[in-house]
Amino acid sequence: MLRIKKDMVHHHPPTDILTEHASGVLSVAQSACVAAHLSYCQRCRHTTERLEDIGGAQLERLDPVAVGESVLDRVLARLEDPEPLRYARSEASDTRLPGLLDRLINGDYADLVWKRVTQSLSISYLKTGDALHEFALYRIAEGGRIPEHTHGGSEMTLVLQGGFADESGEYHPGDFVIREGWDKHTPVALEGEECICLAVLDAPLRFTRLRHRWLNPLLKLRAG
Amino acid sequence: MTEKTNSGGTSPANVSAKWNVPTGRRTDEWSEALVLVGDSQDRAAFTRFFRHFAPLIKAFALSGSSLSAAHADELVQEVMLKVWQKAGGFNPEKAAASTWVYTIARNCRTDMFRRLQKFDTPLASDDFELESEEEESFVVLHTRRGSERVRELMGDLPPDQAQILGKVYMEGKSHSEAAAELDLPLGTVKSRVRLAIQKLQALMEA
Numbered sequence: 451m452l453r454i455k456k457d458m459v460h461h462h463p464p465t466d467i468l469t470e471h472a473s474g475v476l477s478v479a480q481s482a483c484v485a486a487h488l489s490y491c492q493r494c495r496h497t498t499e500r501l502e503d504i505g506g507a508q509l510e511r512l513d514p515v516a517v518g519e520s521v522l523d524r525v526l527a528r529l530e531d532p533e534p535l536r537y538a539r540s541e542a543s544d545t546r547l548p549g550l551l552d553r554l555i556n557g558d559y560a561d562l563v564w565k566r567v568t569q570s571l572s573i574s575y576l577k578t579g580d581a582l583h584e585f586a587l588y589r590i591a592e593g594g595r596i597p598e599h600t601h602g603g604s605e606m607t608l609v610l611q612g613g614f615a616d617e618s619g620e621y622h623p624g625d626f627v628i629r630e631g632w633d634k635h636t637p638v639a640l641e642g643e644e645c646i647c648l649a650v651l652d653a654p655l656r657f658t659r660l661r662h663r664w665l666n667p668l669l670k671l672r673a674g
Numbered sequence: 037m038t039e040k041t042n043s044g045g046t047s048p049a050n051v052s053a054k055w056n057v058p059t060g061r062r063t064d065e066w067s068e069a070l071v072l073v074g075d076s077q078d079r080a081a082f083t084r085f086f087r088h089f090a091p092l093i094k095a096f097a098l099s100g101s102s103l104s105a106a107h108a109d110e111l112v113q114e115v116m117l118k119v120w121q122k123a124g125g126f127n128p129e130k131a132a133a134s135t136w137v138y139t140i141a142r143n144c145r146t147d148m149f150r151r152l153q154k155f156d157t158p159l160a161s162d163d164f165e166l167e168s169e170e171e172e173s174f175v176v177l178h179t180r181r182g183s184e185r186v187r188e189l190m191g192d193l194p195p196d197q198a199q200i201l202g203k204v205y206m207e208g209k210s211h212s213e214a215a216a217e218l219d220l221p222l223g224t225v226k227s228r229v230r231l232a233i234q235k236l237q238a239l240m241e242a
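Protein chains in written order, with my numbering: chain A, 451 to 674; chain B, 37 to 242.
Because the hints were derived from the structure by calculation, they are not lab data.
If you're wondering where the values come from, they're calculated on a predicted model, not measured in any experiment.
Even for Gly, the Cβ is constructed at its ideal location relative to N, Cα and C.
There may be inaccurate statements among the hints.
[Stated by the list, open to error] Covered stretches of chain A, as calculated for chain B (at least 3 residues, CB under 8 Å): (1) 464-471; (2) 476-490; (3) 519-533; (4) 572-586.
Just chain A, with the same shape it has in the complex:
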């Protein structure tokens, strides 16, 4: 389990996102990003447990629908079936990473395919099967800057390593940020360590400054 000091996480998902996560209606990519935040954040884990209690209470209040005896017989007959195999972390895996990211990354950051976008920014796209959202790791050299950009849609960001600062604050491992629409921002990685973030987008980022706009076609949304 992650041993990150609780007080290091200052930026959390809003309650409506946690509610959609607890009720299982977020898309797989967004849900994975929220779940990864939970692995860093005890406060949001507790909130999520309370939000799941709403589901439990609602379940208790449904009008029961009769289930045939044959369904019980079939279940009883299958109790001794072997359990499905569960994914286990490899010895070499980075235990600072939430388990499900560890599974998607499946090795070391260095083993991923990184696409270099600017001198200080590389992106690696991970496959989640989500048809609407891109799920990618952003790697920013220490002190490196992502050129000013906007989003046509929503962007969830979770810091995994290092940190960055932008117009509205400073973000460290476990911090979760969601941006909607056309806010412009210019994140700069903190000094001292390379910054790695998970970003989930439903529209591509667009650089706003003339000298960076030629890069925009490179950033076509890669959902899936």
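Following the hints, put chain B in place on chain A, whose structure we already have.
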């Protein structure tokens, strides 16, 4: 360094009464059944649990009206098998039995939707579960009380807020899908959900 006195397993009382923390709180019938299933693979307890929860899970499966009756029965089977397999990890101090079952049903339904839509993902809903951790007992206590308050309060919500929570939790609708179905602006749906949850939160913290 002071020795930890509560290291567990040293006193015979701890061994025999794994979950009976002497707080005088009730343990309900369904939590007890789950603990019996988890500790001793008790088929009679499992059958009781099935008879109570299977019809609720079936109602849950049908409430979004997007699963057929046959798929609803299949979901009941999948959920109840997971209940059998995972009961050993159920901690009645941490979660109400109904909440625990709800999370399994929610995950199985998500996976079933994805299967039916031939959605190709390397992730199963179970991968989103957090690795278990030891929590300090005061946190656990706090957790259990919060859980009971949520259940008490659910009945007191105004109908419009209860209706939206039903859409989101039971029918598995996102806020924007719920807005479209109820012919309400998205902002109204979000604010009703937020109001309901604020009320629950205020009570949990009281």
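Hints and how they fare:
Given as covered by chain B, the region 464-471 of chain A passes the check, having 4 residues with a CB less than 8 Å from a CB of that chain where 3 are the minimum. Under the rule that three or more residues need a Cβ within less than 8 Å of chain B, the assignment of the region 476-490 of chain A holds, with 7 such residues. Counting residues of the region 519-533 of chain A whose CB lies closer than 8 Å to any CB of chain B gives 9, which reaches the minimum of 3, so the coverage claim holds. For a cut-off of 8 Å, the count of residues in the region 572-586 of chain A with a CB near a CB of chain B stands at 5, and the three-residue condition holds.
When each numbered hint is compared with the structure, no violation occurs for any of them.
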